[in-house]
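S.K.: One-letter residues, chain by chain:
Number of protein chains: 10
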Amino acid sequence: MLKNIKSCISPDLVKILMEMGHGDEIVLADGNFPAASHTKRLVRLDGNETPEILEGILHLMPLDTYVEYPVSLMMHGVEVSRPSIWQVYEEIVRNEENHFKAQYLERFDFYERAKSAYAIVATSEKALYANIILKKGVVTE
Amino acid sequence: MLKNIKSCISPDLVKILMEMGHGDEIVLADGNFPAASHTKRLVRLDGNETPEILEGILHLMPLDTYVEYPVSLMMHGVEVSRPSIWQVYEEIVRNEENHFKAQYLERFDFYERAKSAYAIVATSEKALYANIILKKGVVTE
Amino acid sequence: MLKNIKSCISPDLVKILMEMGHGDEIVLADGNFPAASHTKRLVRLDGNETPEILEGILHLMPLDTYVEYPVSLMMHGVEVSRPSIWQVYEEIVRNEENHFKAQYLERFDFYERAKSAYAIVATSEKALYANIILKKGVVTE
Amino acid sequence: MLKNIKSCISPDLVKILMEMGHGDEIVLADGNFPAASHTKRLVRLDGNETPEILEGILHLMPLDTYVEYPVSLMMHGVEVSRPSIWQVYEEIVRNEENHFKAQYLERFDFYERAKSAYAIVATSEKALYANIILKKGVVTE
Amino acid sequence: MLKNIKSCISPDLVKILMEMGHGDEIVLADGNFPAASHTKRLVRLDGNETPEILEGILHLMPLDTYVEYPVSLMMHGVEVSRPSIWQVYEEIVRNEENHFKAQYLERFDFYERAKSAYAIVATSEKALYANIILKKGVVTE
Amino acid sequence: MLKNIKSCISPDLVKILMEMGHGDEIVLADGNFPAASHTKRLVRLDGNETPEILEGILHLMPLDTYVEYPVSLMMHGVEVSRPSIWQVYEEIVRNEENHFKAQYLERFDFYERAKSAYAIVATSEKALYANIILKKGVVTE
Amino acid sequence: MLKNIKSCISPDLVKILMEMGHGDEIVLADGNFPAASHTKRLVRLDGNETPEILEGILHLMPLDTYVEYPVSLMMHGVEVSRPSIWQVYEEIVRNEENHFKAQYLERFDFYERAKSAYAIVATSEKALYANIILKKGVVTE
Amino acid sequence: MLKNIKSCISPDLVKILMEMGHGDEIVLADGNFPAASHTKRLVRLDGNETPEILEGILHLMPLDTYVEYPVSLMMHGVEVSRPSIWQVYEEIVRNEENHFKAQYLERFDFYERAKSAYAIVATSEKALYANIILKKGVVTE
Amino acid sequence: MLKNIKSCISPDLVKILMEMGHGDEIVLADGNFPAASHTKRLVRLDGNETPEILEGILHLMPLDTYVEYPVSLMMHGVEVSRPSIWQVYEEIVRNEENHFKAQYLERFDFYERAKSAYAIVATSEKALYANIILKKGVVTE
Amino acid sequence: MLKNIKSCISPDLVKILMEMGHGDEIVLADGNFPAASHTKRLVRLDGNETPEILEGILHLMPLDTYVEYPVSLMMHGVEVSRPSIWQVYEEIVRNEENHFKAQYLERFDFYERAKSAYAIVATSEKALYANIILKKGVVTE
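Order-wise, the sequence lines are chains A, B, C, D, E, F, G, H, I and J.
For what it's worth, my numbering labels the leading residue of the first sequence as 1, then goes sequentially.
For what it's worth, my numbering labels the leading residue of the second sequence as 1001, then goes sequentially.
For what it's worth, my numbering labels the leading residue of the third sequence as 2001, then goes sequentially.
For what it's worth, my numbering labels the leading residue of the fourth sequence as 3001, then goes sequentially.
For what it's worth, my numbering labels the leading residue of the fifth sequence as 4001, then goes sequentially.
For what it's worth, my numbering labels the leading residue of the sixth sequence as 5001, then goes sequentially.
For what it's worth, my numbering labels the leading residue of the seventh sequence as 6001, then goes sequentially.
For what it's worth, my numbering labels the leading residue of the eighth sequence as 7001, then goes sequentially.
For what it's worth, my numbering labels the leading residue of the ninth sequence as 8001, then goes sequentially.
For what it's worth, my numbering labels the leading residue of the tenth sequence as 9001, then goes sequentially.
Errors might be hidden in some of the hints.
[As the list claims (entries may be wrong)] Quick list of in silico lysine-lysine cross-link-like pairs, DSS-like style, CA-CA up to 30 Å:
{"#": "1", "chain 1": "J", "residue 1": "Lys9115", "chain 2": "I", "residue 2": "Lys8040"}
{"#": "2", "chain 1": "J", "residue 1": "Lys9115", "chain 2": "G", "residue 2": "Lys6015"}
{"#": "3", "chain 1": "I", "residue 1": "Lys8006", "chain 2": "I", "residue 2": "Lys8126"}
{"#": "4", "chain 1": "J", "residue 1": "Lys9003", "chain 2": "I", "residue 2": "Lys8040"}
{"#": "5", "chain 1": "A", "residue 1": "Lys3", "chain 2": "F", "residue 2": "Lys5015"}
{"#": "6", "chain 1": "F", "residue 1": "Lys5040", "chain 2": "B", "residue 2": "Lys1115"}
{"#": "7", "chain 1": "H", "residue 1": "Lys7015", "chain 2": "I", "residue 2": "Lys8003"}
{"#": "8", "chain 1": "D", "residue 1": "Lys3015", "chain 2": "C", "residue 2": "Lys2040"}
{"#": "9", "chain 1": "E", "residue 1": "Lys4115", "chain 2": "A", "residue 2": "Lys40"}
{"#": "10", "chain 1": "B", "residue 1": "Lys1040", "chain 2": "F", "residue 2": "Lys5126"}
{"#": "11", "chain 1": "C", "residue 1": "Lys2040", "chain 2": "H", "residue 2": "Lys7015"}
{"#": "12", "chain 1": "D", "residue 1": "Lys3115", "chain 2": "C", "residue 2": "Lys2015"}
{"#": "13", "chain 1": "F", "residue 1": "Lys5015", "chain 2": "A", "residue 2": "Lys6"}
{"#": "14", "chain 1": "J", "residue 1": "Lys9015", "chain 2": "J", "residue 2": "Lys9040"}
{"#": "15", "chain 1": "B", "residue 1": "Lys1040", "chain 2": "G", "residue 2": "Lys6040"}
{"#": "16", "chain 1": "E", "residue 1": "Lys4115", "chain 2": "G", "residue 2": "Lys6040"}
{"#": "17", "chain 1": "H", "residue 1": "Lys7006", "chain 2": "I", "residue 2": "Lys8006"}
{"#": "18", "chain 1": "G", "residue 1": "Lys6040", "chain 2": "C", "residue 2": "Lys2015"}
{"#": "19", "chain 1": "H", "residue 1": "Lys7126", "chain 2": "J", "residue 2": "Lys9015"}
{"#": "20", "chain 1": "J", "residue 1": "Lys9126", "chain 2": "I", "residue 2": "Lys8015"}
{"#": "21", "chain 1": "I", "residue 1": "Lys8040", "chain 2": "I", "residue 2": "Lys8101"}
{"#": "22", "chain 1": "G", "residue 1": "Lys6101", "chain 2": "F", "residue 2": "Lys5003"}
{"#": "23", "chain 1": "E", "residue 1": "Lys4126", "chain 2": "H", "residue 2": "Lys7003"}
{"#": "24", "chain 1": "E", "residue 1": "Lys4006", "chain 2": "E", "residue 2": "Lys4126"}
{"#": "25", "chain 1": "J", "residue 1": "Lys9126", "chain 2": "J", "residue 2": "Lys9040"}
{"#": "26", "chain 1": "C", "residue 1": "Lys2126", "chain 2": "E", "residue 2": "Lys4003"}
{"#": "27", "chain 1": "I", "residue 1": "Lys8101", "chain 2": "E", "residue 2": "Lys4003"}
{"#": "28", "chain 1": "H", "residue 1": "Lys7040", "chain 2": "J", "residue 2": "Lys9003"}
{"#": "29", "chain 1": "E", "residue 1": "Lys4126", "chain 2": "I", "residue 2": "Lys8006"}
{"#": "30", "chain 1": "B", "residue 1": "Lys1015", "chain 2": "E", "residue 2": "Lys4015"}
{"#": "31", "chain 1": "C", "residue 1": "Lys2115", "chain 2": "B", "residue 2": "Lys1003"}
[To be verified] The following residues of chain H were derived to be distant from chain J, with all beta-carbon distances above 10 Å:
{"#": "32", "residue": "Leu7058"}
{"#": "33", "residue": "Val7088"}
{"#": "34", "residue": "Arg7107"}
{"#": "35", "residue": "Val7138"}
For the record, the hints were derived by calculation from the structure and aren't laboratory data.
Even for Gly, the Cβ is constructed at its ideal location relative to N, Cα and C.
Okay, chain A solo, but in the shape it has when bound (with noise of 0.2 Å):
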C-alpha cells in the first residue's frame, strides 16, 4: 500500500497504467465477462466492485481530451431503462474529468474493442451492463 492510492488499485495495475500512453485503452469486466480469453495482460481484481476501481484509476489517470468519446460502454439487447451502475460511473467521471462522453458498443463490437485494448481489469463487479473502457488521456505535470 502507499500514500494516496487506493487499496483496490493492485501493484500491477498501477504499473500498467503507468506504462500506458496517450490514447491506450484499459477495459473494466465485470465478474462474467470472459476477461481471460481476450486479452494478453490481465489484471485480476477478484472481490472488488468496479465503482471503486475507477475512482482509483480516474485519481491516477486522466482521460483522453483529443478524442469525442474516451468512455465506451457496452450495450447489451433491449433495455427497458437506462442500468443504475452508468449513473454511478457518470457521477465518478464527473468528479474527476467533469464531463462525462460515452460512446455505446453492441455487445461482439465491444468484444473486439477489449481484445486490442492495453489490458483488462477482472473485477467480481455483479451489476449488469457494468463493463467499461477508458482511453488514456495526457499526462501533465
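Position chains B, C, D, E, F, G, H, I and J against the provided structure of chain A, taking the given hints into account.
M.R.: Same frame as chain A, now just chains B, C, D, E, F, G, H, I and J:
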C-alpha cells in the same frame, strides 16, 4: 467465478488451497504486512478485507484437528483489550469448525512462521492485529 | 483436495474454470482425442472417465442460457443407435441444469471448434463418441 | 495413451519413471499428503486411487533388489490392525516382484524421506495409511 | 530405462507418443534432414538408426486404421530400384500391424507434411530415402 | 506517467514500493554503488539524481515510526565536514515526515544491510556519501 | 557507469545500440507516447528528457548517410510555429553529424513507423512534438 | 575449446551447425549488418573477421551439392572491381570444396534471404561486400 | 551432423565439451545410473553404448595431464575378475592418449564425485561397472 | 558496433561493465580456464585474445584506486622467468592508468576469487599465465 465459491477467492488462491495438504499452513496478512519479502508463493487480494476471505477459505478448507492450535495470531506490544477483529475471526471459525483454538506468537516469531508457510495472502485489511495463520486439516469426501 | 469439490477436478482445472467467463468453452476429450495438438491450454486428467468430470464441473460451473445449444457433441460416421454415453451425459446435465440442449458437429468441425475453446481436458475415457464441449454461463451469487 | 501402459500413468509420470535410475525413489501420496510442499518434482494424478497406479508403475519399473526394503510405508499412531490397503499393496507387489519387503517409517521420518525422493505422485487415494515409497531397481532388457 | 520399452526410446519421446492422439503424426528423420527448422517439437536421438526406433515406437503406438495410408515415405529423384531400407520398414510394420500401406511424397511435399506433424525425431540414420511419417491410430486397452 | 507521481518514479519502482510492507527497506544507491551484485531486485534509474527520487518516494511511502532510525546513511573514511547532500536529504525527509532520524553505517556494514533490503534503486547520483536506506512505515488510508 | 558514456544512457540502451545495424531505427518517445503498446523492445528512461539522451546516443551512434532523411519527426495538428524542441534537436544533431535532414510524419504514420523500429526509448520528456526517430548509419573504426 | 575446432567457432555456433540439415542456410554478416533484427537465432562473434570463421565452418560443414549455387553474396551499388574479400572467400571455399559457385543478390533480396536462414553469425568484419550465405550439404561419415 | 564428429555426439554434448575447461569433469553413466538426480546438466544419449561415445569424446577432448588419474572408474562389491568393458575403455583411451591411468572409487564416492562434475551423459550402456569419469585437459591448437 | 568502443567488446560485455560498481571484479580467462563452472555470469568472446579485450575494457572502465592491488594475476608452478604476456598487460594498464599494481594468487586461490567475481570473460587466449582479474574503480564524469 464459480458456483459456491466466494468472489473474493481468486483462481490462484483456490489452486493453492487445493495443492495444500494436511499440515500445510496459509497466512492471511494485513495490508501492511511485508508479505512479498516473506514468501515465495504470494497471492495478492488487494482491496479485500480479511474476514470475508477467511470465510471463503473455511467454506472450502477444513482446519487441522490433529494439532492443539490450528489457528495462530500475532501478538503485538502491550495490549489493553482483545482486538475486535479477533472476535470476528472467532465467530467465522466457530461457524465452520465449531471450536476456535488459537495460539499467540510474538511479532518476529510470527514472521518466521509465515516464512515457512505454504503461501501468504496479501489483503488490504486495515484492522490492527489482523494477521492470522491457518493450518489445513484432512479432507474427507 | 477441498470440501465440495470432487477429487477428479484438479487444481489447474478449477483455476481454469474460474478464469473462464460467459461464453468461453471447455472441451472434455476422450483418451484418443488429439488434445495436445488442438489447444494451448491443456489439462490432463489421465485415468479418469468423462462422466465424473462432467459432474464435477457442472457442480461448479453453470451452462450458458443465452445460446440455443450450450452443449456440443461429436457426430461420427454412420451411427446405428444413439451412443449410451450420451444418455449418461444427458442425465448428468439435466440433474444440474434441468434441460439438455445439444448440437452435433461433424468430426472436423468439432476439431476446429475445440481449437478455439478456452481449454481442453484430456481424459482417459474409452467410450465412443464421448467428446463433449460445454459453454459457460453467467454466475450469479 | 499407448499400448501396454495403463491409462492412469500420465505422460509426465512415464517420463519421470524413465529418468529415474537405480536407487532413486518415488512416493505415491494419498489425497491429503502435503505433496507440493515436500518435493520439487510433483506429478498430480487427481481422481485416481493408489492401487491402480502402483500396478501401472510396477508393470514398467522393477524394485531395487540390492536393498533389504525396496518399499516404505508410513506408520501412524496406535494401530489396532494392519490397514487393509497394505494387503492390497502387498498383493500387487508380489504379483510383479514375487516378494514384498517393506519397512515402516514414523510420520515425520516418512516426510523427510519423501523430500529426498526423486518425485511425488499426488493421488486422490482416501484410504488411511496409504502413502508408499518405491525404490527403483536395475532394468535389464 | 523401463521394462518393455526399448532403450533407444527416450523419456521425451515416450512422453510425446503418449500426448499424441488419433490422427497426429510423427516424423522419423534421417541424419541429414533439416529437422530443427521444420518443427517446434524436436526429439534428437543422435547415434541411433531409424529401424530400431521404428520398432520401439510401433511396440507402443498403433497406426491409424481410419485412413488409407498411415505411413508416408519420401520419394527422391529418379530411382532405379526400391530402397532396401523400405523393405526393412515394411517388415517391421507388418510385424506389428499385419499390413503395410504407404504413400509416397515428393521431397517438398514431404517437408510441408513434416512441418504440420506433431513432432520430428532426428535420428543419425545414414541410409538414403529413410525419412518416414507415421500416423497414430486409436488405442484400445 | 500518472497524476501525482513524479516522472522519475518508474512503473517498476512504484510496483516495488507497493509490494513492500512495514519494516521492508529500500536502498537509493549512487552511480558507483555495486548495486547489481548486492540485490536480486534491482531498479535502474539511470540519468537521475537521488534527491528528486527521494522526494518522489516519500510523497508515496511513509517511513517507519516504530524504530529509532528509519534512515541509514553510509559513513566513509575520515570526514572533515558533514556532506552537503545529507543536508538536502534531511530537508526532503523533514518536509514529509517532520523529523529526520538517521543512523550511520560503516561501508561494509552498509553493503551487508543493502543485501538484505527488499530492493536497490541504482541512480546516477555523483555526490559523495549519497547512499541512503529507507525503512517503510505503516500506511493508513 | 563507464568513461565516455553519458549517465543517462542505461546498460540496456547501450546494448541495444550496439546490436542495431545499418538501417535499423530507434525511437525517442516523449512521456505520453504509447511506447509499451508499440514495441517489443522497450527501454524506459523515466525522469530523463530527450535532448540529453539524443546527445548521449549520437556520441556513440552515427546516423545513416545512405538515405535522404536519417531523422523523422512527428507532425501534429495545425502548427503555428516550429516547436522549439526541434531547434534543440537540430543543434545536437548538427554538432555530431554536420547536417540535419529530417522528414515529417503524420501522427498515425509515425506510430506505424515506430512499431517497426528496433526499439523505443520511453523518456519523461514533456515538450510537445518531441518524438523523434533515428536511423543508424555505418560504423567505421 | 576442443581439438580440431578453430577457437573462433563458439560452442553455440557448433551446436547450431550440427542442428542444421541438408538445405538449411547460415549467414555470415559483417559488423554493420542489421543481424539482430533479421533473425531469431543469432550468434555473435564480436572481434572476429569473416574469413577465419568461414574457414572454421567449412572445416566442419559441407556445402550443398544438390543446388547450383551453395554460396550467396550481396551485391551493392555500382561496383568498379570485384571486392578483394570475395577472392579470399573463393580461395577458402575452393580449399575445402574444390569449386566455388556463387550467386549475387541485391541488398534487399539478400536481407529477405537472411531472414529465412537458420541462423545469422554477427562478425566484426569491416571489409565491404563481405556478407555471405552458405547452404549446408549432406554429411556422409 | 558435421564432418569429423561421430554421429552419437549430440549438439548439446559438443557444446558442453567446448564449454568445459581445464580440470572440469564429465561422467559417462550407464543406463541404470541415477543421472537426473545427480546433476543439473544432463545430456541423454538414449540407445547408445558408452564405448562409441568415449571414442567420440576423446577424438575431440584431451585428458588432463596435470593430475595422476584423469580417469575414474566405479568399483562395485566383490569382483572376481576385471570387467571386460574396462579393457575396452583402456584400449580406446590408449588409442588417443597413449597411456591409461585410472583410479577406482567406491560406489557412493563415485556418486559424490559425479554430483560435482560439469555434466553427466546418460547412455543406455548395459555392461556392469561401465560408469566412467573423464577430466578435461589443456587444448593447444 | 558503436563509435569509440572496440569491436571485440560485445554488447553483453558493455552492459556488464556498466552494471558493475565500485569494487566489483571481472575475470579475463584464457581459453582453457574452466569459466562456465566458476561463474553464473559468463561472457564468451571466442576467437579473441586477452590483450585487445583488456585494452578495450580499460578504455571504458577505470581501475580501483582505493585498494593496493586493483589487478590480480595467477601464479602457476615453478616459473623460470616472468611471462611475456604480463609485460603486455603491464603496458596496456600503464597506458590507461599510469601505474600497474598487481598481486599474485595461487591457482586455487585464483579460482575461488574468480567464483566471487561479478563476471568471467572467456577468451581464446593461448598464452600461459594469461588469466587476469580487474577491480572496477570510481567513474567520475
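S.K.: What are the numbers of the hints the structure violates, in ascending order?
M.R.: Hint check: 4, 10, 22, 27 fail, others pass.
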